[in-house]
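Peer 1: Just so you know, the protein sequences line up as chains A and B, in that order. Here the first sequence stands for residues 145 to 450, where the numbers follow my numbering. Here the second sequence stands for residues 48 to 348, where the numbers follow my numbering.
Hints are computed from structural coordinates only; laboratory data are not their basis. Owing to the predicted nature of the structure, the values given are computational and were not obtained by experimental measurement. Hints are supplied without guarantee of correctness; some may be wrong.
In silico lysine to any residue, SDA-like type, Cα no more than 20 Å apart, as pairs [to be verified]:
1) Lys-221(A) / Asn-190(B)
2) Lys-366(A) / Val-257(A)
3) Lys-393(A) / Ile-249(A)
4) Lys-61(B) / Arg-347(A)
5) Lys-250(A) / Gly-311(A)
6) Lys-61(B) / Met-273(A)
7) Lys-366(A) / Thr-337(A)
8) Lys-125(B) / Ala-331(B)
9) Lys-61(B) / Val-343(A)
10) Lys-125(B) / Ile-276(B)
11) Lys-104(B) / Leu-303(A)
12) Lys-221(A) / Leu-193(B)
13) Lys-152(B) / Thr-251(B)
14) Lys-221(A) / Leu-196(B)
So the chains spell out like this:
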Amino acid sequence: MSAGEANPIRDAQTTAIAGAVTATQPGLMTYRILHIGGRVLLYALLIIVGMTMLLPLLWMISTSLKHPGEIFILPPKWLPNPPQWGNYVQLFDVLPFGLFVFNSIKIAVLATVGALLSCSMAAFAFARMRFPGRNFIFAVALSTLMIPFHVTLIPLFALYRDLGWLGTHLPLTVPFFFGAAFGIFLMRQFYLTIPQELVEAARIDGCNFIQIYYRIFLPLSKPALATLGIFTFLGSWNNLMGPLIFLTKVESMTVTLGLTLLTGQTGGRWELIQAGAVISILPIIVMFFLGQEHFIQGIARTGLKG
Amino acid sequence: MRGRFREFWGSNRKREAIEAYILILPMIVGLIVFTAGPVLASLYFSFTRWNLLSRPKWQGFDNYIELSHDPLFWITIKNTAFYVLGTVPTGTVLALLLAIALNQKIRMLAVFRTIYFLPVVSSVVAISVLWLWLYQADFGLVNQFLRFLGFRGVRWLSSTTWAMPAIIIMSIWHGLGYNIVIFIAGLQGIPQDYYEAATVDGATAWHKFFNITIPLLSPVTFFVITLSIINSFQVFAQAYVMTQGGPVNATKTIVYYLYQQGFMHFHMGYASALAYVLFIIIVALTLFQFWFQQRWVHYEI
Numbered sequence: 145m146s147a148g149e150a151n152p153i154r155d156a157q158t159t160a161i162a163g164a165v166t167a168t169q170p171g172l173m174t175y176r177i178l179h180i181g182g183r184v185l186l187y188a189l190l191i192i193v194g195m196t197m198l199l200p201l202l203w204m205i206s207t208s209l210k211h212p213g214e215i216f217i218l219p220p221k222w223l224p225n226p227p228q229w230g231n232y233v234q235l236f237d238v239l240p241f242g243l244f245v246f247n248s249i250k251i252a253v254l255a256t257v258g259a260l261l262s263c264s265m266a267a268f269a270f271a272r273m274r275f276p277g278r279n280f281i282f283a284v285a286l287s288t289l290m291i292p293f294h295v296t297l298i299p300l301f302a303l304y305r306d307l308g309w310l311g312t313h314l315p316l317t318v319p320f321f322f323g324a325a326f327g328i329f330l331m332r333q334f335y336l337t338i339p340q341e342l343v344e345a346a347r348i349d350g351c352n353f354i355q356i357y358y359r360i361f362l363p364l365s366k367p368a369l370a371t372l373g374i375f376t377f378l379g380s381w382n383n384l385m386g387p388l389i390f391l392t393k394v395e396s397m398t399v400t401l402g403l404t405l406l407t408g409q410t411g412g413r414w415e416l417i418q419a420g421a422v423i424s425i426l427p428i429i430v431m432f433f434l435g436q437e438h439f440i441q442g443i444a445r446t447g448l449k450g
Numbered sequence: 048m049r050g051r052f053r054e055f056w057g058s059n060r061k062r063e064a065i066e067a068y069i070l071i072l073p074m075i076v077g078l079i080v081f082t083a084g085p086v087l088a089s090l091y092f093s094f095t096r097w098n099l100l101s102r103p104k105w106q107g108f109d110n111y112i113e114l115s116h117d118p119l120f121w122i123t124i125k126n127t128a129f130y131v132l133g134t135v136p137t138g139t140v141l142a143l144l145l146a147i148a149l150n151q152k153i154r155m156l157a158v159f160r161t162i163y164f165l166p167v168v169s170s171v172v173a174i175s176v177l178w179l180w181l182y183q184a185d186f187g188l189v190n191q192f193l194r195f196l197g198f199r200g201v202r203w204l205s206s207t208t209w210a211m212p213a214i215i216i217m218s219i220w221h222g223l224g225y226n227i228v229i230f231i232a233g234l235q236g237i238p239q240d241y242y243e244a245a246t247v248d249g250a251t252a253w254h255k256f257f258n259i260t261i262p263l264l265s266p267v268t269f270f271v272i273t274l275s276i277i278n279s280f281q282v283f284a285q286a287y288v289m290t291q292g293g294p295v296n297a298t299k300t301i302v303y304y305l306y307q308q309g310f311m312h313f314h315m316g317y318a319s320a321l322a323y324v325l326f327i328i329i330v331a332l333t334l335f336q337f338w339f340q341q342r343w344v345h346y347e348i
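My request is simple: use the sequences and hints to build the entire structure.
Peer 2: Below is the structure:
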């Protein structure tokens with residue numbers, strides 16, 4: 145960690161010095177000093193904020209590997225010695241975290257598949273086909289972006305109860321197969337950028353629109369699908385309110401919901417609680433590192449088009 | 048074969064429309080069953096007394112009248128407004144400043160951006176569980192750091208004064224990376240010629256910031272603010288995990304109260320009225336922002 149701190153500072157100095165050397169015009173001493181000072185301040189700011197972001201997360205991992213005797217000591221100890229990997233084993237005895245992770249993955253994967261299919265289908269029609277009522281239906285769909293989820297919560301709860309869905313994963317997966325405004329909007333924006341010639345050529349070859357959708361547009365839209373997929377997976381994984389209301393049995397709970405039980409179940413065993421937190425964010429962090437560009441570009445794109 | 052199909056369907060236009068309706072059918076069903084239907088049902092329930100077991104009983108505006116006399120309701124409105132005012136302006140300004148800093152041809156930009164983004168992908172629940180420990184009064188890192196700086200530290204989550212600020216600080220920390228990414232994209236969309244022209248004219252960095260960056264970034268700023276307000280009005284998980292709305296209702300938010308009324312006390316009619324009040328606040332604020340943007344947002348690019 146100390147290496148991670150030192151490097152940016154050294155880089156900052158190198159850049160600053162390089163910057164000063166290139167400013168070769170005579171008599172610009174003040175400019176050089178200001179420039180070097182500015183760069184140093186800039187990197188200092190970025191590093192301080194970076195530490196603020198990173199240290200709590202490292203503290204979470206550190207705590208999760210501590211012996212109970214190492215938790216309540218002053219000054220705080222950053223490196224558990226030796227690391228108590230057994231905490232993670234103990235965690236699985238307190239609550240079925242393995243099952244929670246499995247449930248979360250199952251729900252998130254189904255939700256993602258559903259969203260990708262239903263949103264890309266509708267988006268293709270809105271972007272590339274002509275039909276009566278198109279603009280009106282699209283406007284209505286977009287306006288639902290303003291509706292807070294909580295307004296629909298109570299009727300949906302009653303509906304799922306009457307259908308016998310409470311306690312199952314159906315309320316958290318089935319609706320995703322029926323489209324969502326955000327995903328449709330995102331996919332439509334992407335489909336609008338695909339050249340119309342492709343559609344016309346395929347029409348001449350005798351393809352109907354549904355064939356054009358799944359043979360041409362779907363394969364071409366992998367970047368947008370990746371973005372929507374990541375967002376849907378993340379939203380499903382991190383969701384609290386849905387699982388809290390709809391999942392009534394411990395066996396059906398997700399890892400995010402299970403984590404809320406941990407504070408009560410462990411009687412304040414911070415090392416176990418933090419181990420649970422680590423398990424709940426680890427899959428997401430791994431996914432983030434794998435698909436980082438899609439994350440960043442997706443947010444940037446939706447942000448700018450909004 | 049294909050020709051006969053075409054005859055069967057009639058004109059190309061008609062066939063195209065039918066195919067389009069097939070593609071949007073799932074979305075239409077979803078819109079009716081999972082959104083529009085529940086929104087209308089919720090409005091109806093808000094005029095009834097209903098505990099989920101018996102049939103909803105119509106009682107006109109009683110729930111709304113009761114709400115207006117419910118001190119707890121006004122407390123949750125005040126708390127939520129405090130949370131929104133605490134997170135949105137600070138979060139937006141910090142994100143903008145950091146995005147500008149990151150946009151200065153920084154080495155290892157990707158490393159910084161990744162680190163800033165790590166909290167964003169983590170769930171609010173995991174983050175709340177972590178900060179519950181960070182805010183722990185005697186051994187939590189936050190107070191240890193404050194003591195290191197010479198302050199005494201406070202009992203963050205068990206103090207009626209500090210519990211909400213604690214949640215606000217944590218939420219800004221959690222959401223900062225998201226807005227930074229949007230702002231960086233916005234900054235990179237500003238044509239460099241503007242800055243070059245301004246430099247030729249002898250403009251200072253300060254002038255460039257206020258006369259080029261701020262106006263040309265305003266559509267992005269508008270997007271960030273609008274989205275942040277909509278999201279922060281629905282704050283729930285932080286209060287649920289960290290404080291259960293306490294101490295003494297200091298962190299009870301509108302959605303927390305809705306959850307409590309609906310799913311702990313089964314006052315479904317009352318909870319529906321609460322949901323509608325939240326809905327109206329969000330729609331009104333969003334419309335207000337779209338009206339108000341005409342005064343400060345520039346769409347010149």
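Peer 1: Each of the hints needs a verdict: does it hold here or not?
Peer 2: Now for the hints, and whether the structure bears them out:
Distance hint between Lys-221(A) and Asn-190(B) is fulfilled; the C-alpha atoms sit about 15 Å from each other, no more than 20 Å. Between the alpha carbons of Lys-366(A) and Val-257(A) the distance comes to roughly 13 Å, so the proposed pair stays at or under 20 Å and holds. With a C-alpha separation of about 17 Å, the suggested pair Lys-393(A) and Ile-249(A) falls inside the 20 Å cut-off, and the hint holds. For the suggested pair Lys-61(B) and Arg-347(A), the alpha carbons sit about 15 Å apart, so the restraint of at most 20 Å is met.
Restraint check for Lys-250(A) and Gly-311(A): satisfied, since their Cα atoms lie roughly 15 Å apart, inside the 20 Å limit. Note on Lys-61(B) and Met-273(A): the hinted pairing holds, with a Cα-Cα distance of about 11 Å set against a maximum of 20 Å. This hinted pair checks out: Lys-366(A) and Thr-337(A) have alpha carbons roughly 13 Å apart, not beyond 20 Å. With a C-alpha separation of about 17 Å, the suggested pairing of Lys-125(B) with Ala-331(B) holds against the 20 Å cut-off.
A distance of roughly 18 Å separates the Cα atoms of Lys-61(B) and Val-343(A); the hinted pair therefore holds under the 20 Å criterion. In summary, the hint linking Lys-125(B) to Ile-276(B) is supported, as the alpha carbons are separated by about 15 Å, within the 20 Å threshold. Distance check on the hinted pair: Lys-104(B) and Leu-303(A) sit about 18 Å apart at the alpha-carbon level, within 20 Å; holds. Distance restraint check for Lys-221(A) and Leu-193(B): the Cα-Cα separation of roughly 17 Å lies within the 20 Å cut-off, and the hinted pair is therefore satisfied.
Restraint check for Lys-152(B) and Thr-251(B): satisfied, since their Cα atoms lie roughly 19 Å apart, inside the 20 Å limit. A distance of roughly 18 Å separates the Cα atoms of Lys-221(A) and Leu-196(B); the hinted pair therefore holds under the 20 Å criterion.
The structure fails none of the hints (numbered hints given earlier).
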